[in-house]
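Asker: Take the sequences, apply the hints, and build the full model.
Residues per chain are reported as follows:
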Amino acid sequence: MKRCLSERTMWLVHEGAAPERDLAHLEGCLDCAARYGRLNEELGEITRALRDHASPIGRDVRRGRRRWVTAAAVLAGIGLLAGGEAVLWRQSNALVDPRPETTAEALSLLEEVTLLLSSPGVTAASVLVADPATVIAEMTSPESYEDDPIAAGGGGGGGRL
Amino acid sequence: MNGQAAPRWQAHCDALYRQHAARLVRLGRLVLGDKQEAEEVAQEVFLKLIRTYEGPVVPIDWAAWLTRVTINACRDRRRAGWWAWSRRHRAPEMLELVDGGASPEQAAAGAEFGVRIAAAFQRLSARQREVFALRYIEGMSTHEVAGTLDLSEGSVKRHLFRAVKYLRGALGEIKGDRGHR
Ligand SMILES: [Zn+2]
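One line per chain: the protein sequences are S and E, in this order. With the numbering used here applied, the first sequence closes on residue 419, and no number is skipped along the way. With the numbering used here applied, the second sequence closes on residue 216, and no number is skipped along the way.
The set of hints was computed from the structure by calculation and includes no laboratory data. None of these values were measured; they are calculated from a predicted model. Where hints are given, some of them may not hold.
[Stated by the list, open to error] Among chain E residues calculated to face chain S with C-beta under 8 Å, some are:
(1) 56
(2) 57
(3) 60
(4) 65
(5) 78
(6) 171
(7) 184
Glycine included, every Cβ here is placed at the ideal spot set by N, Cα and C.
Answerer: This is how it looks when you write it as structure tokens:
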């Protein structure tokens with residue numbers, strides 16, 4: 259029997275990128291099968307730990323959502339002031355930046371507002387919005403992000419883990 | 036709003052936010068190692084989305100677009116001068132412990148394991164963090180990772196394997212430490 263698989267080859271098997279002869283070895287070698295099992299298990303542990311650790315928790319989710327809803331509402335408000343959605347977001351086939359000046363100005367203002375909202379002590383209600391009642395309702399909504407965007411198909415591709 | 040439906044762009048952008056914001060914050064946090072930075076990057080990306088959005092039918096993959104723009108925004112932050120200064124003055128372990136969002140309850144319940152894995156992850160190179168996060172956390176194929184990062188597949192595999200090897204070593208040490216307590 260061919261000598262046992264290297265760590266890299268084992269990982270290539272995991273990635274589905276190892277040649278047939280290495281797969282055949284893995285099937286016939288108890289040692290390599292055990293090592294392969296450990297690789298799978300450890301990668302799973304690492305991935306779960308990183309995913310859990312880095313995923314935003316409830317209060318962060320709500321804060322991010324507040325900022326986003328306010329920013330979008332501010333832009334909608336600016337759109338209404340500037341004459342409506344058609345002015346801001348009209349279709350264009352141009353390859354270069356097709357946005358009218360108004361949009362550029364609106365976005366610049368919006369970025370300033372977003373920065374302002376990042377500051378402690380500033381509430382969304384103090385900012386011009388299209389419909390404050392809608393924004394406040396959105397801000398208090400507990401549902402913000404979808405539970406698991408990965409499971410929902412975000413990001414594309416299908417990992418093994 | 037006031038009896039009117041929300042504008043189409045707003046509804047679509049909001050749907051994209053709901054679907055992708057959490058994963059983009061997570062991706063940014065893994066790549067940058069800083070929760071606050073990651074949240075700011077996500078906001079930046081969604082403002083850019085509004086900028087880019089032009090109509091109801093847009094012939095591109097928004098999920099892939101958001102991922103790529105997030106990675107680029109993280110790179111821009113890393114390139115900024117103050118970022119290097121900030122990283123020098125704050126150890127990743129402390130960043131994650133202090134700013135990391137782990138509640139005292141979580142910490143008490145054994146989040147130390149996650150903190151230590153995350154700290155090991157932050158010791159990888161920036162490129163290794165990107166490929167690992169996209170491949171194993173985002174679930175992209177090696178081919179998709181290569182496309183997103185403008186790398187060859189061979190290069191993605193090299194970075195990935197080194198990252199996996201390092202992290203498995205770190206996992207072994209963490210488990211060893213736990214076993215000796
Ligand atoms: Zn063997």
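Asker: A separate judgement is required for each hint: does it hold in the structure or not?
Answerer: For each hint, the structure was consulted:
no. : hint : result
1   : 56   : holds (5 Å)
2   : 57   : holds (4 Å)
3   : 60   : holds (5 Å)
4   : 65   : holds (5 Å)
5   : 78   : holds (6 Å)
6   : 171  : holds (5 Å)
7   : 184  : violated (14 Å)
Comparing the model with each earlier hint shows a violation of hint 7 alone; every other hint is respected.
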